[in-house]
Structures are given as structure tokens and as C-alpha cells.
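J.: Chains as they are written, first to last, in the working numbering: chain A, 1 to 99; chain B, 1 to 99; chain C, 1 to 287; chain D, 1 to 287.
Keep in mind that the hints were calculated from the coordinates and are not lab data.
Remember, predicted model here, so these are calculated numbers, not experimental data.
Don't be surprised by glycine CBs; every beta carbon is placed ideally from N, CA and C.
Please note that the accuracy of each hint is not assured.
Facing chain B, from chain D, some residues (calculated, C-beta under 7 Å) [claimed, not checked]:
| no. | residue |
| --- | --- |
| 1 | GLY42 |
| 2 | GLY44 |
| 3 | GLY60 |
| 4 | ALA132 |
| 5 | VAL136 |
| 6 | VAL182 |
| 7 | PRO184 |
| 8 | THR186 |
| 9 | CYS189 |
| 10 | ARG191 |
Derived EDC-like pairs: lysine to aspartate or glutamate, alpha-carbon spacing no greater than 20 Å straight-line [stated by the list, open to error]:
| no. | chain 1 | residue 1 | chain 2 | residue 2 |
| --- | --- | --- | --- | --- |
| 11 | A | LYS87 | B | ASP88 |
| 12 | D | LYS242 | B | GLU6 |
| 13 | D | LYS242 | B | ASP81 |
| 14 | B | LYS49 | B | GLU6 |
| 15 | C | LYS242 | A | GLU6 |
| 16 | C | LYS242 | A | GLU75 |
| 17 | B | LYS87 | A | GLU86 |
| 18 | B | LYS87 | A | GLU85 |
| 19 | D | LYS242 | B | GLU75 |
| 20 | C | LYS242 | A | ASP81 |
| 21 | C | LYS242 | A | ASP71 |
| 22 | D | LYS242 | B | GLU85 |
| 23 | B | LYS87 | A | ASP71 |
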Amino acid sequence: MQLTLEFGGGLELLCDSVKIHKINVDPEAGVEKLTMKHLLAWVRTNLIKERPEMFMKGDSVRPGVLVLVNDCDWELTGQLDTTLEEKDVVVFISTLHGG
Amino acid sequence: MQLTLEFGGGLELLCDSVKIHKINVDPEAGVEKLTMKHLLAWVRTNLIKERPEMFMKGDSVRPGVLVLVNDCDWELTGQLDTTLEEKDVVVFISTLHGG
Amino acid sequence: DSSFGHGLSPNMIYRYSRHLLLPSFGVQGQSNLVKSSILVVGAGGLGAPALLYLAACGVGRLGIVDHDIVELNNLHRQIIHTEAYIGWSKVESAAAACRSVNSTIQIVEHKEAFRTSNALEIMSKYDIVVDATDNVPSRYMINDCCVVLGKPLVSGAALGMEGQLTVYNYNGGPCYRCLFPVPPPTTACQRCSDSGVLGVVPGVIGCLQALEAIKIASVIGEPLSGRMLLFDALSARIRIVKLRERSSQCKACGENAALTQQQFQNFDYEKFTQSPLSTSPLKLNLL
Amino acid sequence: DSSFGHGLSPNMIYRYSRHLLLPSFGVQGQSNLVKSSILVVGAGGLGAPALLYLAACGVGRLGIVDHDIVELNNLHRQIIHTEAYIGWSKVESAAAACRSVNSTIQIVEHKEAFRTSNALEIMSKYDIVVDATDNVPSRYMINDCCVVLGKPLVSGAALGMEGQLTVYNYNGGPCYRCLFPVPPPTTACQRCSDSGVLGVVPGVIGCLQALEAIKIASVIGEPLSGRMLLFDALSARIRIVKLRERSSQCKACGENAALTQQQFQNFDYEKFTQSPLSTSPLKLNLL
Ligand SMILES: [Zn+2]
Ligand SMILES: [Zn+2]
Numbered sequence: 001m002q003l004t005l006e007f008g009g010g011l012e013l014l015c016d017s018v019k020i021h022k023i024n025v026d027p028e029a030g031v032e033k034l035t036m037k038h039l040l041a042w043v044r045t046n047l048i049k050e051r052p053e054m055f056m057k058g059d060s061v062r063p064g065v066l067v068l069v070n071d072c073d074w075e076l077t078g079q080l081d082t083t084l085e086e087k088d089v090v091v092f093i094s095t096l097h098g099g
Numbered sequence: 001m002q003l004t005l006e007f008g009g010g011l012e013l014l015c016d017s018v019k020i021h022k023i024n025v026d027p028e029a030g031v032e033k034l035t036m037k038h039l040l041a042w043v044r045t046n047l048i049k050e051r052p053e054m055f056m057k058g059d060s061v062r063p064g065v066l067v068l069v070n071d072c073d074w075e076l077t078g079q080l081d082t083t084l085e086e087k088d089v090v091v092f093i094s095t096l097h098g099g
Numbered sequence: 001d002s003s004f005g006h007g008l009s010p011n012m013i014y015r016y017s018r019h020l021l022l023p024s025f026g027v028q029g030q031s032n033l034v035k036s037s038i039l040v041v042g043a044g045g046l047g048a049p050a051l052l053y054l055a056a057c058g059v060g061r062l063g064i065v066d067h068d069i070v071e072l073n074n075l076h077r078q079i080i081h082t083e084a085y086i087g088w089s090k091v092e093s094a095a096a097a098c099r100s101v102n103s104t105i106q107i108v109e110h111k112e113a114f115r116t117s118n119a120l121e122i123m124s125k126y127d128i129v130v131d132a133t134d135n136v137p138s139r140y141m142i143n144d145c146c147v148v149l150g151k152p153l154v155s156g157a158a159l160g161m162e163g164q165l166t167v168y169n170y171n172g173g174p175c176y177r178c179l180f181p182v183p184p185p186t187t188a189c190q191r192c193s194d195s196g197v198l199g200v201v202p203g204v205i206g207c208l209q210a211l212e213a214i215k216i217a218s219v220i221g222e223p224l225s226g227r228m229l230l231f232d233a234l235s236a237r238i239r240i241v242k243l244r245e246r247s248s249q250c251k252a253c254g255e256n257a258a259l260t261q262q263q264f265q266n267f268d269y270e271k272f273t274q275s276p277l278s279t280s281p282l283k284l285n286l287l
Numbered sequence: 001d002s003s004f005g006h007g008l009s010p011n012m013i014y015r016y017s018r019h020l021l022l023p024s025f026g027v028q029g030q031s032n033l034v035k036s037s038i039l040v041v042g043a044g045g046l047g048a049p050a051l052l053y054l055a056a057c058g059v060g061r062l063g064i065v066d067h068d069i070v071e072l073n074n075l076h077r078q079i080i081h082t083e084a085y086i087g088w089s090k091v092e093s094a095a096a097a098c099r100s101v102n103s104t105i106q107i108v109e110h111k112e113a114f115r116t117s118n119a120l121e122i123m124s125k126y127d128i129v130v131d132a133t134d135n136v137p138s139r140y141m142i143n144d145c146c147v148v149l150g151k152p153l154v155s156g157a158a159l160g161m162e163g164q165l166t167v168y169n170y171n172g173g174p175c176y177r178c179l180f181p182v183p184p185p186t187t188a189c190q191r192c193s194d195s196g197v198l199g200v201v202p203g204v205i206g207c208l209q210a211l212e213a214i215k216i217a218s219v220i221g222e223p224l225s226g227r228m229l230l231f232d233a234l235s236a237r238i239r240i241v242k243l244r245e246r247s248s249q250c251k252a253c254g255e256n257a258a259l260t261q262q263q264f265q266n267f268d269y270e271k272f273t274q275s276p277l278s279t280s281p282l283k284l285n286l287l
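Chain A extracted, bound-state conformation (with noise of 0.2 Å):
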């Protein structure tokens, strides 16, 4: 499955300084649809270079990062169980506090 991938708000540093990543991706063995679950642990695994903490906790993201599916909150999808679709647009935006 064909997604694009954004970070930003520092994110990006933790994957290269890259914020743009066209990926493909499929469910895991033996499921049909792909979640936010399995992107996330893909992610992890394939993207997240340095300092794993910085982007999750636990199997979730950390406190202060916003996901968006195709531009609206993942608390309006089904956060972790939300099932991705081809072509979505996943963005992951750490809380800035700066001024």
C-alpha cells in the first residue's frame, strides 16, 4: 500500500531530517487492513533512526506528537485502529512551544 509520510516539528530530525517519505507498506501477515498500529511499529522499525523515544511510548506516540490522517486528527479516526486506505497521507507534527 502506497502512503506518504510527513514529520515535522523536529520529527524529521529523527529520521534523517527528511519530512517527506513516499513508502509502501503492507498489513502483517495474515490481515486484511492495514492500522495506524502497524504503520506506527513499521515506522519504528524502518524509519526512526536515532532516539525512538523522542517519536513513541509505549505503542503509541509520545505525549506532544499530533497524527494526522489525511489532515484531520487520529482522535476522530479510531487513533490506533484507524485502517489506513491507499494513497492516505500520514502526517506526525511535534507541539511547538517556541515564540
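Given chain A, put chains B, C and D with the ligands in place with the hints provided.
T.: This is chains B, C and D with the ligands only, laid out in the frame that chain A set:
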């Protein structure tokens, strides 16, 4: 066919000051595809309430109006011959000169 | 004063004529603005343009809170301060600049750090709050104070080449704690003073904060509540995304929360976020 | 001067420290900025924030062109001007404000209308041009002058509750005439002075113009060339759309065009657009 039309830069004043219009429009009788040329004629008949010369000139838009099909300049999609698809978003925007 | 019911003097009508000409703003919008009061917390990178535009547009009473002093390394982005004010309090400097563009509005100087001990008293005098601070504990504190007092909060942030903007606690929409119930790890909390910021990035966000505050104050348009603007200056890309609704579980605004003034005053925001409210000066060692 | 090759003095290193800390900007970006020159045409609603941020960020030489004088009804949006400067030339007022935030850069005052007779001479001294004017003939004239001299053009516009922004004539991208070969009918050309503008809308666009000029000058990021930003303040919506490429048929930059300096100087922009280059004063009759 369901389309979203948006008017901006003052063009909304020609359609009762409403910027966003969700419309249903079908191709001409005997024609399969809906083109921008037909959509423009449809807009002129159905949405433009006053001063049509501020929107069109001949069978195209007047100078100074940008037409965007799915956030892309219609010069890149074929201008009047652009074929529209279900759920496309077409923006008509008058260029601004103020400062 | 005026006998036309809109509270606009002939001088104001001339000064704000380009607002009055606007069909979607007009006399009613300007009249609402002139009667409104806005508090800006922080007279730094975000506060600088926000304050100048709020003063210029004719907000009736404009409050400025900051305890900081103007330094030379602020001037690359804090365009409200001039070299002549280096060493002065940011509030005095910003207030002078605001008065110089509009002497007809009331400008209130709060030359102190915004703390739980003074927050309720200061904020209660204003209709709308603009968060232009630069650290995590202040953001939680300002949010909670807005929830306790029922004030809409225009929240902006900028760091590096990116900016973020939203309106919290407005018309049933979410608050900061609805989005971020748990504070981030301190290692994830960079400040402009530590990590740098392109000066014009808070400029863009601060202007947008002024715009959202003006929309709320003048009762026009759709404020950016339940939505967040994400700005990436380097690639010139902007996203406006849909946020979650108010959370019934929220410790500040949730159904069973009912945060009281007393609880707010006793809450230790530095301990909660494990971050200090004040910035320590930067040690730069580039050469 | 400096012996480190980047041309930054210790004073500059302190002043611009938050830029130098930025990995994507750093010493090289600041050094490029300090060596660059930018011309801002128009010290009004767009020019005000653009000039302040360009001065503050450390552009080496900043030129300001305008023939207008500061009026009270400018102050709701032109935050670079203060009440004390009402009746003064906008260029003098803006230059004084820029100097007060950054005395280390060179500020050049062009107190004259930008016309075909002086445009080439003025513009040839700068690397980048910011169009912050308010009328159609100026926009064609500035575009053509940029094409003749090969300068990138950061073009912004604001009216009512809306703003637009793009970069023309940059790196093979389209110019203004590629998009608008035929001028609009005069009835479609409203000015802020006739139709009104919410003051902070040119504030947002002017900041974004400064940003794009800074990106080009410092050689960072992706300038907004071949793309246009459309800003709707009322609904807080922003679109960034893809524009056509440079047109081979363009009368200014097209393959067989080769607009010469002589042709530019003889072109009658007022006749071409059927609009005057100067604004007549507003007659407001609200009461
Ligand atoms: Zn809440
Ligand atoms: Zn061209």
C-alpha cells in the same frame, strides 16, 4: 456530477456573496464528458446573478481571472477542454492588486 | 463619543475608514473592536507583530504581560522593539511602540511574569487572550486560566522554520489540555533561545494571531477553533487540519473537571511539565 | 569585517544568533543575507511588515521606493508608520523605522514614484524585488522591469479579507504577464483605498513576502515560484496552487520576446491597463 465551486477575489460578489457552491451538473445531452467549457456556460446561467461581463469574456473567463482545477492552473489541465470528474474542486479567483 | 450608536468618533471614522468600507466588517465590526479588550502574554517574536496590528486596528484596551528586557539578539525578529530600547523592559518598549501607532486606545502595561499568583487577576480584565509565550509550563498555565475564566485563547508557536496556530476554548471547542493531556518529555521542548528561529516565521504566526483575535473581537468570520494551521516556511507549505472535539475526560475543561480558581492557583506548572517558566540566557559559542 | 570568511562581525554574530543556530540556515544563510540587496516598491500595507522584517533579519542593502505621504487613515494597517510621521514622506518614515531596528544595514531612500523613466536605474542596483504596490499598471511595469533586468520578483496583494502571494521570474518560472497577458477590465481593479482592507491581511501577506525574499537571498528552501498562495482571512483558509509554466508566447519573457530596455522605457503602462499609476484620495461619506 457533484462538483465544488469556489469564487474568490471579489468574484463571489457576482453570486450573492457566496464563496463555496456544492453543485450537481451533468454533461450536455448526447455528450459523455463534462468539460470546463460546459461548466462555464452552466455557471453563467445558474450562479452568476449580476454583471456576467465581470466573469466571462466570449466563452472563457475574463482577463485577470485564474481558474484552478483541483488546485492546479487550468492552463496545465487543458483550459476549456479540461474534463471534469466526480468531486472535483474548481476555483475561480480574480487576481488582486491592492496593498 | 458619538450620537450614532456605534461609538465611533469622526476621528475614528477617518482613521479606520478602510475597515468601515468593508461590507463584511464595516461599522459594526469596528464598533465591536473598539469595545473589546485583548491580553497578549509575551512581547517577543509572536507578540511583536500581534501587538502592533492589534493596536493599529483599534482594539479598545490592549494588555501586555512580560517580565523580560530587550536584548540585541531579540531584534532580528521582535520588530516592535528598537535598538534605543535595549536594556528596557519589553512591556514598556512594546507599549511605547503601540502608543506611537495609535494614541487613541488604552494600553495596559503588566511588567511582571505571568504566574498562577497574578494570572486570574490580570486575565479577568480582558475578553480575549493571545498566548505569545515561549515555553511549555506557560502554555498549560495560560490555557487553564482561560478555561477557569471562560476566555477564548489564540495560541501561536514558532520554532526554527515552522509555526503553528489555533484557537482554544472557544465556543465549545477543545482546549490545550484536550489535545495534550500529558506534557511532552523535556527533551522535546526546544525554545527559540536554544534552537534558533528564522525571524519572520513568528512574524507570520503573530500576524495570524492578531487576525484570529480580531475576528473573535469583532464577531466576524470563522475563527480557527477545532482546526490547526501548520506552517512550513522552508517549503512554503501550509496545512489547515481538523482537530478533535472538546474531551469529556479533559482535566481542565472536561465534564467532571470544573477546575476552580483555587485549584488553578495551587497547581505547580513547573513541576507538572518539569520545565522552568523563565528562560536562562543563551551561551553561544560559534567561533 | 571578519577573518572567518563569512563576513559576520562579533556584533552580528550576537544580533543574529537565533539565525546562526538554525541548521537549515546557519552562518552561510546569514552571510548570504548580509551580502544581498532587496528593493521594496511601496511602503504601504504590504511594504510595512516586509520592510521591518527585511531590515531586522540583516539584508545588507534595503531600498524603499514610494512617492506617497503618511496619512492617518494608513495607520490601521501600515504599522511601520507612526502618528508622529503623518504628513511626512512614507519613504523617510519607513527608513527611520528600519534604521531604528537595525542601524547596521544600508537603507536607501527613493522618494519618487516608480516610473519607466527611473525604474531601470533604481532596480539595477538590487538583487531581488518585492512588489508591494497597489495598482495594476505598477504591477505590469515592475514585472517587465524585472524581466528586462533578470531579477526575481516577490509579488503580494491584499484586498478586503483576501490576500495573494507568488514569486515571478525566478529560475525559469513564469512572470506576471505569463499569467495575465491581457490586463483586467478597469471595473475589476479595486484598490484598498476604494474598497477597504482588513489591516492585518496585508500584514500576513507582507510577512510572507519578506520570507520569500529572505529565502531567495539566503539561498534556502523552495521559493513560491510556479505556485500561488491564496489566503482567505474570514474563513481562515489557505490554498497553495500550482501555476502554469513560463509561456513561450509571453510578450515579456517569451522565446521571441526579448523585451529591451528601450521598449520598456517607451511602453505606456497607464494606457495599456487604462488605469492611473497614482491613487486619487478617497472621498468617504459614511455619516
Ligand atoms: Zn480541555
Ligand atoms: Zn512571462
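J.: Decide, hint by hint, whether the structure agrees.
T.: Hint-by-hint comparison with the structure:
For the restraint placing GLY42 of chain D at the interface with chain B, the shortest Cβ-Cβ distance is roughly 6 Å, inside the 7 Å limit, so the hint holds. Using the Cβ-Cβ criterion of 7 Å, the hint placing GLY44 of chain D at the interface with chain B is satisfied: the shortest such distance is roughly 5 Å. Because the beta carbon of GLY60 of chain D sits about 25 Å from the nearest beta carbon in chain B, more than 7 Å, this interface hint is broken. Among the interface hints, the one on ALA132 of chain D holds; its C-beta lies about 5 Å from the nearest C-beta in chain B, closer than the 7 Å criterion.
Interface restraint check: VAL136 of chain D against chain B, minimum CB-CB distance 5 Å, threshold 7 Å, status holds. Interface hint at VAL182 of chain D: satisfied, since its Cβ lies 4 Å from the closest Cβ of chain B, which is below the 7 Å cut-off. At its closest, the beta carbon of PRO184 of chain D sits 3 Å from a beta carbon of chain B; the interface hint therefore holds under the 7 Å criterion. About 10 Å separates the beta-carbon of THR186 of chain D from the nearest beta-carbon of chain B, more than 7 Å, and the hint is not met.
For CYS189 of chain D, the interface hint holds, since its Cβ comes within 7 Å of a Cβ in chain B; the closest pair sits about 6 Å apart. The beta carbon of ARG191 of chain D is positioned within 7 Å of a beta carbon in chain B (closest approach about 5 Å), and the interface hint is therefore held. Taking the CA atoms of LYS87 of chain A and ASP88 of chain B, the gap is near 17 Å; set against the 20 Å cutoff, the hint holds. Simply put, LYS242 of chain D and GLU6 of chain B have alpha-carbon atoms about 16 Å apart, close enough for the 20 Å limit, and the pair holds.
Between LYS242 of chain D and ASP81 of chain B the alpha-carbon distance is near 18 Å, which keeps this suggested pair within the 20 Å criterion. Restraint check for LYS49 of chain B and GLU6 of chain B: satisfied, since their Cα atoms lie roughly 15 Å apart, inside the 20 Å limit. Of the supplied pair hints, the one linking LYS242 of chain C and GLU6 of chain A holds, its CA atoms being roughly 16 Å apart against a limit of 20 Å. Under the criterion of a C-alpha separation no larger than 20 Å, the hint pairing LYS242 of chain C with GLU75 of chain A is consistent with the structure, at around 10 Å.
The straight-line distance between the Cα atoms of LYS87 of chain B and GLU86 of chain A is roughly 18 Å, inside the 20 Å bound, and the hint therefore holds. As the CA atoms of LYS87 of chain B and GLU85 of chain A are separated by approximately 18 Å, the hinted pair is consistent with the 20 Å bound. At roughly 10 Å between alpha-carbon atoms, LYS242 of chain D and GLU75 of chain B fall within 20 Å of each other, so this suggested pair holds. With a C-alpha separation of about 18 Å, the suggested pairing of LYS242 of chain C with ASP81 of chain A holds against the 20 Å cut-off.
A threshold of 20 Å between alpha carbons decides the hint, and for LYS242 of chain C with ASP71 of chain A the separation of about 6 Å falls inside it, so the pair holds. Under the criterion of a C-alpha separation no larger than 20 Å, the hint pairing LYS242 of chain D with GLU85 of chain B is consistent with the structure, at around 19 Å. A C-alpha spacing of about 18 Å is found between LYS87 of chain B and ASP71 of chain A, which places the hinted pair at or below 20 Å, so the restraint holds.
Checked against the numbered hints given earlier, this structure breaks hints 3, 8; the rest are met.
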